[in-house]
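Student: Sequence:
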Amino acid sequence: MWTFILGLLALGAFIFYNTFVIVEMREEVILERFGKYHDTLQPGLHFTIPLVDRVAYRQETREQVLDVPHQKCITQDNIEVDVDGIVYLKVMDPYKASYGINDYRLAAVNLAQTTMRSEVGKITLDDTFSERDSMNEAIVEELDKASDPWGVKVMRYELKDIQPSQDIVRTMEKQMEAERQKRAEVTESSGERDARINVSEGDRRKSILMSEGRREARVNEAEGEAREMELIAEATANGIERVADAIAQPGGSLAVKMRLTEQFIDRLGEIVDGANVSVLPMDAANLKSFFEGASEVTNPLQNK
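The sequence shown begins at 380 in this note's numbering and counts up one residue at a time.
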């Protein structure tokens, strides 16, 4: 008796449990009836027929992130690189995702690896580092076309890492070091060349300035000498004019004669004092002729 009651209670609990289906916001449910597709249940509470209806699949409707494992790829220039990435996809049609393919996640990862090998093989090693965006777009395009029958939309793909083999890395490091050394030598050579140019330019400028300075100095000196000669000539002319005016005055001629006599005697004394042998001009004793010559100069001036 108790066994029968417990059996009825268990059957009732089973029927009650399978009568209600709760679908969460992040998913959609594929409902089958008698083993065939019946409906796609949206988020919320749904009633089903126990032992007739069955929840066959629960499909995630949020965007999913799938890691694409590392794999070896060969570039166009026959260099082996290790490449991995991340694929972002979203279930757009739960029916196709349930019945169109066995496992769309695994299929998307495998297809991403295949497409990635194909795209890497189209470019050289140098381009793999500079053409990431174009490679990502190409992989997304191929994945999106292939995944359409699965009811899946590939949102984007990102290459995480492109790592050449260790031998290639060492070779690249040597090349970069050689390139840096070359640039350093070029920079140093350019600096030395610029320094020589600057020194030459400075010497040239210095020579020009010195030449201009010497030219200006000669010009100034010539102008100074000309001015000096002009002043001397002017002073001499003024002096001669004054002497002539003085001679023209009464008693001027006698004063000139006396001044000339004094200068003659002073010069004669200097000559006699500085010589061991005293030598006198032949007409030194006859000073009359000297004064008469002076009179010939002063008389015309006095008569003016």
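Be careful, since some hints might not be right.
Stated by the list, open to error - In silico BS3-like cross-links for lysine-lysine, where the CA-CA straight-line distance does not exceed 25 Å:
#1 553 x 475
#2 524 x 469
#3 469 x 532
#4 539 x 524
#5 475 x 532
#6 451 x 585
#7 501 x 415
#8 501 x 524
#9 451 x 501
#10 501 x 475
#11 469 x 553
#12 539 x 451
Read the hints as simulated data drawn from the structure, not as lab findings.
Student: Between the alpha carbons of residue 501 and residue 415, is the straight-line distance 25 Å or under?
Tutor: 46 Å, violated
Student: Regarding the pair residue 524 and residue 469, is the alpha-carbon distance no greater than 25 Å?
Tutor: 14 Å, holds
Student: Quick one, are residue 475 and residue 532 close enough, alpha carbons at most 25 Å?
Tutor: 12 Å, holds
Student: Taking only the CA atoms, is the gap from residue 451 to residue 501 under or equal to 25 Å?
Tutor: Holds, at roughly 15 Å.
Student: Residue 501 and residue 524 were given as a pair; does the straight-line alpha-carbon distance stay at or below 25 Å?
Tutor: Distance of about 20 Å is within 25 Å: holds.
Student: Just to be careful, I want the Cα atoms of residue 451 and residue 585 compared with a cutoff of 25 Å; is the pair within it?
Tutor: Violated. Residue 451 to residue 585 sits at ~68 Å, over the 25 Å cutoff.
Student: Is the Cα-Cα distance between residue 539 and residue 451 25 Å or less?
Tutor: Cα-Cα ~14 Å, so holds.
Student: Hey, residue 469 versus residue 532, does the alpha-carbon distance stay inside 25 Å?
Tutor: 5 Å, holds
Student: For residue 539 and residue 524, compute the direct alpha-carbon distance and say whether it is at most 25 Å.
Tutor: Holds, because 22 Å separates the two Cα atoms, which is no more than 25 Å.
Student: Holds or violated: residue 469 with residue 553, Cα cutoff 25 Å?
Tutor: At roughly 45 Å apart (the allowed maximum being 25 Å), residue 553 and residue 469 break the hint.
Student: Would the hint linking residue 553 and residue 475 be met if the CA-CA limit is 25 Å?
Tutor: 53 Å, violated
Student: Given the hinted pair residue 501 and residue 475, is their Cα-Cα distance within 25 Å?
Tutor: 33 Å, violated
Of the hints listed earlier, those the structure fails to meet are numbers 1, 6, 7, 10, 11, in rising order.
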